[in-house]
Every structure is written in structure tokens, then in C-alpha cells.
Amino acid sequence: MSLPIELALVALFTPAAMAVILALVPPLRRTGRPAAWLSVLAASISLGASVWLFADQLGHPSRDLLESVRWLPHAGAAMANVGLRIDGISAGMTLVVTLVAFCVQVFSLDYMRSEPAADLGRYFTYHSFFIFSMLLLVLAPNLLQLFFGWELVGLTSYLLIGFYFKKPSAAKAAVKAFWVTKLADTGLLLALVVLYTHTGGFEWTSHPGAEVATIITLLLFVAVMGKSAQFPLHVWLPDAMEGPTPVSALLHAATMVAAGVYLIVRTNPLFAQAEFTREVMVWIGSFTAVFAAVIACVQTDIKKVLAYSTCSQLGYMVAALGAGSVMGGYFHLTTHAFFKALLFLAAGSVIHAVHSNEMSDMGGLWKRMKLTTIVFVIGSVSLAGIPGLAGFFSKDLILEGMLESGHTVPWLMLLGAAFLTAFYMGRVLFTAFFGELSEKAKHAHEGGWEMQLPLVLLAIPALGAGYFASRFAGMWHLEYELHLNLEAGAASGLAILGFAVAYVMYGRGAPVATPAILRPIAKLAASGVLDRFYEGLYRVLGLKLAGAVGFFDRYVVDGLMNLSGYLALTAGQKLRRLQSGNVRDYVFVVAFAIFALSAFGILR
Amino acid sequence: MIPHALLILVAAPFVAALILLAVPQRMRLVTRLVSLSAALISAGLSVWVAASWDMARGGFQFDERYPVVPSLGIEMHLAANGWSAALLVLTGLIIVGGVLASWTQERRDQEFYMLLLVLVAGVFGVFVCQDLFILFLFYEIAVLPMYILIGIWGSQGKVEPRGPFKFVYEFLDVGGREYAAMKLTLMLLVGSAAILVAILALYSEAGGTTFDMIALARHHFDPATQKLYFPMVWLGFGALAGVFPFHTWSPDGHAAAPTAVSMLHAGVLMKLGAFGVMRVGMVLMPEGAIAWAPIVGGVAVINIVYGAFGAMGQKDLKYIVAYSSVSHMGVVMLGAATLTVDGWNGAIFQMVAHGVMTGLFFALVGLIYGKTHTRWVPKMGGFGRIMPGIASFFTLASLSSLALPGTAGFIAELLVFIGAWQSGHPVWAVAGAAGAFITAVYVLRAVKRIFWGEGPSEEFAKLGDAKHVEWGALVLLGAAILVFGFWPAPILDLIDATSTRLVQALYPLVLAVNP
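Protein chains in written order, with the numbering used here: chain F, 1 to 604; chain H, 1001 to 1515.
No wet-lab data here; the hints were simulated from the structure.
Just so you know, even glycine gets a beta-carbon here, dropped at the ideal spot from N, CA and C.
Keep in mind that the hints are not guaranteed to be accurate.
[Claimed, not checked] Computed spacing ranges between beta-carbons, pair by pair:
{"#": "1", "chain 1": "F", "residue 1": "L575", "chain 2": "H", "residue 2": "A1461", "range": "55 to 65 angstroms"}
{"#": "2", "chain 1": "F", "residue 1": "A526", "chain 2": "H", "residue 2": "R1107", "range": "54 to 64 angstroms"}
{"#": "3", "chain 1": "F", "residue 1": "A17", "chain 2": "H", "residue 2": "A1215", "range": "45 to 55 angstroms"}
[What the hints assert, rightly or not] Part of the chain H face toward chain F, derived, beta carbon under 10 angstroms:
{"#": "4", "residue": "G1073"}
{"#": "5", "residue": "M1182"}
{"#": "6", "residue": "K1183"}
{"#": "7", "residue": "Y1203"}
{"#": "8", "residue": "R1385"}
{"#": "9", "residue": "P1388"}
{"#": "10", "residue": "Q1422"}
{"#": "11", "residue": "A1429"}
{"#": "12", "residue": "P1488"}
One chain only, chain F, in its complex shape:
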């Protein structure tokens, strides 16, 4: 076994072992903080191995390793393997996942401090299990194992959204997230079935023909729409904010929701054969980018703004991959993971300080929380795509890819979304961090070092990751060139304009009122049309139908069974009269029979 494989195994199985130990030894788990520290220890070992693995991969950019063992048999041979595939793509993602996961766990040490010990242990057990599941997905050598990890991260998402399971809204959000993503995952399951039937394996490098590839990729894309919150299956993501804020940072911003994008990057050989699917992706991605950005502008809950922003940015990635810009999509995934995790953790730091998610309860935090404000500014500016920061490089690549592939309208939509992104981030910045100190913010202060360290750690790549674009491209065997042309200028100009408009509207300490043109949208968003549509479907197609089936089964199918029993019983009751025990009756029957038979014999 070579060194990279060993490193990947360490990164994968240290958190897994920790999750198993914490799950199987309740007394240890219920100690709370010791369990939390053990989990952080496992995460740091995993991170160390990933850093080493990544550095090693940088030294051998063209290396592509595969190590697998038989998992399912078919006719005595292997039907499917499990194993590790280590190349530039998986090594990069492994680093992103373990880095963000490590930061989030350290952050949680302080953020979750007031939780009861048993719950704290449970929280960190889930976190350890998450790293394992996510890396299982990232390092998968085939689509089956990828699906395996995909569903396990869905499970951790369900468990972590429902972490406060006693709260009805959290319980509801967790179940909703599972239902929506599970519905979408049916597509991935069927994609596996079709892929295996047509190619005899679960490899994404196979060539099943254009038509089959289109079917497979469409099915895959349905799953991506669920996991990566694309319209109209995005409805679970805003609700998922019921989970603790560090969870939102890790799962619902940086890594798990990006799994859909990662899936497309990995299975790109299949997507490359399916032009129709890619066209669908461009449009759905662009629409989601604009749609979610508009809704983000009217939210008053800081986490909801960030959640819709995540939807919107995932839309960028999906559109980029649809347009054939793998580098754009994947690179944006990477930079987004850093700055969005940073933004969520900074928001967590604020929520921890003011005990509210509402932006109207914040305001003037700059005076109390210098570090948090600085990193939030870095994150926002990076997200908005101001030149020089990480987000600029990746967003520029996407826009360029759009235009190059001839998708002018989607390009314009994404440009519009870029403006909106800067606007809603500016809105958060100016209302929450600047202006007058609000009542609740008066006693705000920074968290402990556990909360500050991750902010600093994540701010570094959010600032500078863009300058490594060409190194990444080399590892991923993709083309990369930075063009500072007019189009790039347009996007940056719009971003600056967005901030400027936000400043004009909110810069002087104005309240978080919704801008007049957006009021109808705010109303629409608040009414939850789509949610109500799904709920209606659930009531009619789910509960009503289930009630009908229940009745039909109990009173018709079973009714017929009971009817046969009833008929047998009543027939028995009736026939019983024949055997009355009365000799006269028997004699009468015998006499009648003799008469009847003789009559029959004579007349014949």
C-alpha cells in the first residue's frame, strides 16, 4: 500500500473509529466535553493526514491512484468494489472537507458550551460520523460508493438539523430535509440501476451511448437538485437552518450541499456525453442563482440570508458545469466552501453574542466585535466577487465559461445575481455590523479562542485561495487562464455597485426594511407558496391516499375474506337444521327420497 492510500485511510477511518467508540460507549459520550475533545482530536488527525495527502499530490500532480476490494458478488465475480480513488480532485476536496470540519468542531467547543453534557457528546458523535461519510463520498472510486456516502451525509444532516429534536420546528425541518433529499435520491438510485444494467458496472468513466448517458445524467441531476438545493427542490435548505449554526456552516453551506456539485465534477465523463442534461443544468442553475439571490434580499434572519445565498451560489456552480466549465464549477465550490463557512461561523459568533438571529437585533457590532466584523467583511467581499479575493477568481471563471459556451441569457442572469449578491451582503453588513448599537448588541462580546481561531483560519483561504487557481487547475488536469477583460470588469463593477446601493439604503443605520420594489417578492416568499404546494401534495397524495388504502384494505379486500368466512358460517348454520335429531324428519326424508327416485326411474 502506498503512502497516499495510507494517508487517506487515516483521514477516513480516524473519525469513523471515534464515532463508533462514542456511539458504543455511552458513558464516555455522556461526559460531554471530554467526548468533544476526542472528536476534535480525531478531526485534527484527519486534517493532518489530508494536508499531507494534498501536499503529496501537489508534488505529483498527474498521479491517479485506485485501491479497491470486492464488496458485492455477482455470479462468483465482483459486482461492485469499494475503495479509494486518489487524484487531484479527491485530494483537494478531502482537504476542504477536513479543514472546514475541523474549524467547525473547534468553533463548536465554545458555541455549544451551554448544552447538557449528554447532548454535547451526541453532537460531536454526529460530527465525527459526518467526516467519515463525507470522505467516503469524496474518495469513492465508483458511483455506488459515492451514493453510499451521499446517503450517509444525508443521514447526518437529518440528525444534526434535528439536533434539538424536542423543538417541534427542528423536528419538522429535519424530516422535511430527509424527505425532499430522499425523493431526489430516488433518481440517483435509479441511475445506478440503469448504469449497471447497461455497462455491467458502476464506473463513471464508461460509455453507455448518448441516449443512455442522457437518461443516467438526468436521473443523477435530479439527485443533485435535491442535495444541492436547486429550484424547485431547494425548499428544505432554508428550513435546515433550525440546526445549530456550526452545522449550517459545515453541512448546509460548505460541504454536504456541495456534494451534488462534486458528483457532477466526478461523473463529468458521463455528463460530457449528455448535451441535453447540460443544457437543463445551465438553465436551472442560472434560475436558482437569481431566484435565491432575490429572496435573500428580503430575509431578515441572518442565517436565512446566508442559506438563500448558498442556494444561489450552488446555482452558479451547477450552471458552470452545465456550460462545460468544470474548472469554474469546481473552483467555485472550493472558494465558496471557505468563505461561506467563514460567514456562517461569523454569523454564529454574532448569534452567540446577541442571542438572536434577527438582523434588527444586531447593529453596531463593529464596536463590540472587531474580529468577527473583519472576517465577516472579508467573507462578504469575497462572496460578492470584489477583485483580488477568492470569490472573484472563481466567479469570473464561471461567467467567462458561460459566455464562451454561447449562453448569453444565463450569463446575464448570473451577472444580475452578482449584483444582488453584493446588495444583500451589503445589507447584512451595514445593518448588523455598522450604524447604531442595538439594545441586544450592547453586551455583545467576542467568544473564546475556540471561536476566534476558526474564523482566522478560514479567513486566510477566503482571502487568498484565488491566487492558487492555476496550481489547482494543474492538479485537476484542467485549463486555467485569468483574463482581465471587459466582462470580468462588468461583474466586478456590478458587485461594487451592489455594495454602493446597499450603503445608500442602509449605510446610515437605517432599519432592515425591505426595499419597496422587493416588497411583493418578500410577501410571496413569506407566504411560502412552494412549501404549501408540497404540503398539499403530501396531504392529498400521501395522507388522503393512505387513508383510502387503509379503508379499502380493511373493508373491501379484507371484507371479501370476512365475507367468505361469514358465508361459510351462515351456510353451516342453515345446513345444521337438516340434522335435527328428530326421527320423524329422517323418516320423512327417506320416504320422500324413495318416492322421488322411483318417480324418476319410472318417468325415465
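Once you have looked at the hints, place chain H on chain F.
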């Protein structure tokens, strides 16, 4: 090599039941220990058979023959193929779990354990017996004790008279435990009658010299005969597998039965039905199977979707689990109907997966009922606070039920759906996958309603988690779900070795019909 391994395996529970006759009533612990030892001997031998079954050799192994009625060609021929080996392991797990789960059974515990052991001896017998006549005998031994077990130890229910046959419901005591016991027994016995006819027909068609299935498999039955008798075997055994519309004994029966009986019945007895359809129906009458496969598969799809909706409409926890069994047994029958290696692997693996999953479910429902004295889901809520262990295991069983990767249920369903697509019925696969989604809807809803949210209400606030022996069944079956889910190869290799050989024999016939 252990001599007479299969005979000991089958006889141990039976002998233990006889020993219990001699144990005084008041020696409760002895009763339990005798039962547990028998269960452990059989389970241990099952694992041993599975572990030492020679994959390279395949076919039937551990051959044992004991003449019974030589003049009619009846002999007790015990042997295990890969399927048997896998299902023996399942039965071993469930009976050990069942004995542990009834540890606190107080009323007439000795008779209860005796019947339980007799029942499981019958189950073991069916899985390893290669003689049709004796197989039928074992089948009846497995089915009949249910009548007494439900009739005496069962729980009462009541169904409101409604619907087009209202007068029938007013006349019968629908929902009561005698009703449930009687319905179950009668429906299964009608099935048995059909099976018996088919068995005798095959026996006489093949010359009336042997009941040995291995010998009968070599005989080429006339295709017309096969097409005539296959549906009798399908529906006859199928009634026990919950094939629509002969599944209605299952919800009432499972709901009325005491915990361990539900565990055994849903966990292994229903598998006897599906196993019978495959082993007797499809292997002995391949052309009949090919002709009837589209119907068998179509009905299986109805089972999956209809059962899942049925489960969603229930409020009684046991009915939810019982309907989910109807749905999951549909997956088994669907896999069987595909007549492909992957489909058959999936079908047998689903028997194992569903067995441990539903066994765990019923053990949990029993525990919850034992504490709260209710199975009515709307009365529950917030139980996660007071019984975190039960909540965790219930979630695990639910995840296997909705076929989450990492649990045994996933592998089974994946294989079955692949088989369905390969057999040229994509619709089956799509409907099956939809069934898995509907399952996700109702099981997670149940988890949420029982364990999450506000509560528990005052009446339940002081209840605790599982204790001592109660953990036994949970840990055993929960571990099985995860082990089979993460590392299915040991069990699946056994199944695959047999499926491959049987499907290869079938393949030329399939090609002849469907080139």
C-alpha cells in the same frame, strides 16, 4: 465436520420443548435457560453451517438422509444450499432474539416457550429439508402453533363495522385475538391445501417414486403441467409471504400476536412463504415460473406500493410495522419474479435484511408497549427524552426499512431493482424505488411522532429505557443490520453461489421464451 449437524440443528428446539414438559412450572429461570440453550445451539450450528459451506463446491452440502416411508419414496433428506445457509443464520438470530425478548413473559411462560421452540424447529426444517413431503410437514409445524400462540397470549383489538360488508363485521368479532388467530390459520391452511395438491401432482407426474426435490428438479415436467401448478404453489406459499390480496391475515395477526411471536412470524415465517415459491415453484417448475413471472412481478409491485400506503394510513404502531412487512415482502417477491442472478440474490438477501429489521421493530414495539401499555402513535411523543436507547434502535430499524446505505435493506433493494431492470421491466424498478420513498415518508413520520417533539405527557414521563436482558435482542439484531449493511459479502457470497447455479439452469429456458 460435525456429524448430523443439520439434524441436531432442526431437532434441538424440538428436544428442548420436550424437556420443558418435565421442568416444573415455578422454575422460571430454568425454563428460560433451556429455551435459550436450544436457541443458541441451533443458531451456533447455523453460523457454523454458513461458515463452512464450501463456496467453490456449491450445490447441496451437509447431506443427511433418514428413511421415513421408503415404499412411497419419503425420506428425511436434509441438505443445505447457499440460500438455506443464509436463511438458517437469519432464523438463528431471530430465535435467540425472540427468546430474549420474551424473558419477561409471565403468563403460562412454559407453554409459550414450548410452542415457540416447536415453531422454530419447523422453520429450520423447511430451510434444510429437500424432501417435499417432509418439507410440507415442517411447514405445517411452523404455521400451526401460531393459532395457539395468538389465541392465548395475543392482545385484543376491535374494528368498527363499516364499508360495503358492514353486516359481516357486525356478525364477526373482527379484530379480537381469536379472530386474528382464526383468520391467520384459515388463510394459511387454504394455501397449504393448494400446495399439497401441487406437491402430489408433481410427485405423481414424476413417476410417483420420490419426493426428493433434487431428483424432481432433474425431471422435466410438461410445460402445461407447470403452468397449471405453478400458480397454486405461488399463491399457496405466497399467502404466507403476504402476497396481495392474501395478505390481510398479516396486519391483524401481527398486531394481535405477542412480541416474540410477531418477531418470529414477520422475521422468518413470512420468508418460508417466499422461500417456498422460489425453491419449490421456480426451481421445480421453471417454465411455469417464466410464464407467470410478469404476473408475479406485477403483484409484487402492488404489494410494495400498496403496503407502503397502507402503513402510512395506520396509527397503531404494530399495524404500521405489519403493513411495512407486506410492502417489504413485495420486494422479495419482485426479486424472485425477475428470474435473474441479481434479482434472486436480492430476494434472498431481502429475506435476511427484512427478517432482522422487522424482528428488531417488533422487539422495540413490544418494549414500548410493555412500558406505556399503548401502541397508539398519536398518544406518544417526545419519548426520545426518556428512552434514548430505544429511540436509537428504532431509528436504525427505520433506516434499514427505507433502504439507507449502510443497512442491510439497501443492498437487498438495490439488487432487486437492478434485477427488475435487467429482466426488461423498468417500471417495476421505478415503482419499487417509489415504494422506498413512501417508506421513508411513513417511517420517519413515525420516528418523529413517537420520539421527537414535545412530550412525553405526564402519564409517561417517569418511564425509562430498556433494561438488562431487554437490550439483548436489540443489540443482536441492530448489529446484524449494520454488519450485513456494511459488509454483505459473507452472506451474499453464499446466496450468490446458489442463485448463479439455479439461474444458469433457467437461462436457456428464458432465452427460448424471450430471445
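How the hints compare with the structure:
1. F:L575 / H:A1461: 55 to 65 angstroms: holds (58 angstroms)
2. F:A526 / H:R1107: 54 to 64 angstroms: About 58 angstroms separates the Cβ atoms of A526 of chain F and R1107 of chain H, which means 54 to 64 angstroms holds.
3. F:A17 / H:A1215: 45 to 55 angstroms: holds (52 angstroms)
4. G1073: violated (34 angstroms)
5. M1182: holds (8 angstroms)
6. K1183: Result: holds, 7 angstroms to nearest chain F Cβ.
7. Y1203: violated (29 angstroms)
8. R1385: Hint on R1385 of chain H: holds, closest Cβ of chain F at ~7 angstroms, below 10 angstroms.
9. P1388: OK, holds: P1388 of chain H within 10 angstroms of chain F, min 8 angstroms.
10. Q1422: holds (5 angstroms)
11. A1429: holds (5 angstroms)
12. P1488: holds (7 angstroms)
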